[in-house]
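Participant: Sequence:
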Amino acid sequence: MHRGSHEDTSGIQFHRLGIDLTDNDPDWCGILTEQKKDLRSRKQELVSNAILDAAIALFEKKGFDQTEVAEIAKAAGISKRTFFRYFATKDDLLGRSVMDYGAVLVAAIRAAPPECTDMEVIHQTLLAGVQYNKQPESRARQLIAISTSHPTARQAYLSRKHLVEDAIAEAFASRARRASRNDLRVRLLAGVTLILMNAAIGAWFLGEEKTLEAAAKHAEAELEKITTLNTAPGSLKKKNRGKEDGRSANPLPIRRVL
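Residue 33 in full-length UniProt numbering is what sits at position 33 of the sequence shown, and the numbering runs on without skipping anything.
I should point out that these hints are in silico values taken from the structure, not numbers from a laboratory.
Note that the structure is predicted; figures quoted are calculated from it, not measured.
One should not assume that every hint holds.
[What the hints assert, rightly or not] Result set (DSS-like, lysine-lysine): computed pairs, CA atoms no more than 25 Å apart in a straight line:
hint, residue 1, residue 2
1, LYS43, LYS80
2, LYS62, LYS80
3, LYS43, LYS74
4, LYS161, LYS90
5, LYS161, LYS74
6, LYS43, LYS62
7, LYS134, LYS161
8, LYS134, LYS74
9, LYS90, LYS80
[Claimed, not checked] Here are the in silico distance ranges between beta carbons for each label pair:
hint, residue 1, residue 2, range
10, ASP65, LYS161, 38 to 48 Å
11, ARG96, THR148, 29 to 39 Å
12, VAL104, LEU158, 43 to 53 Å
Think of the CB as a built atom: it goes at the ideal place given N, C-alpha and C, for glycine as much as any other residue.
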């Protein structure tokens, strides 16, 4: 009888397939170890999401400052001690969402084909951000509403934004094979990416655009106007001023600059 035939159900199933699942088989042990890791990871994600959903409901009902960690833990069906295994502070609840969002943008930059121009990469990243924020699990509208209604929550939300910008700059630096994320061009690309995304989300949230996709397209179109000859009113003044001081009145299109 195979040693794999024991009370462990998975072992029995492997034995029926003629596979000897033993402690001496590193391949199968490795597979089971990875499966356990996946299960643990899924469980952690479920608990983390339950905590965040409970917190958002309480923030909307009572306010960010008035909600205690103990209340969030109780609403999520966990102990206060378990809460702190997932989040160091109440502020981290909002911070994690910002970092998750940032991870989506970074992944889009890294996934862009090498032949793409910088503006094409930014466009693809913007699309990825739009798709992410459309998903219920992003909780985009709820988090924006909370952060704009409560100053403390807003500070917690914004304090993580610089980390996202750093991560985006790092991705652009890696893509361009530049040594530092502090390279001027790299910081500019990261800044433009976030400005477009934030402008689109803001317009969508405030109802100026019906959909996030429309807001994103509008944001890109406006940026194109600002950085080409087809500028908004006031371009004539800029043109004349450029002639007066001897500088070129024609700005380079953003697709060349970036």
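Participant: So, for every hint listed, does it hold in this structure?
Facilitator: Here's how the hints hold up against the structure:
1. LYS43 x LYS80: This hinted pair holds, its Cα atoms lying about 18 Å apart.
2. LYS62 x LYS80: Roughly 19 Å separates the two Cα atoms, so the pair holds.
3. LYS43 x LYS74: 18 Å, holds
4. LYS161 x LYS90: The hint holds at about 17 Å.
5. LYS161 x LYS74: 29 Å, violated
6. LYS43 x LYS62: 28 Å, violated
7. LYS134 x LYS161: 20 Å, holds
8. LYS134 x LYS74: Given that 25 Å is the threshold and the Cα spacing comes to 29 Å, the pair is violated.
9. LYS90 x LYS80: 12 Å, holds
10. ASP65 x LYS161: 38 to 48 Å: 21 Å, violated
11. ARG96 x THR148: 29 to 39 Å: For ARG96 and THR148 the Cβ distance comes to about 19 Å; the hint is violated.
12. VAL104 x LEU158: 43 to 53 Å: About 18 Å separates the Cβ atoms of VAL104 and LEU158, which means 43 to 53 Å is violated.
Hints 5, 6, 8, 10, 11 and 12, counting from the list given before, are not met by this structure.
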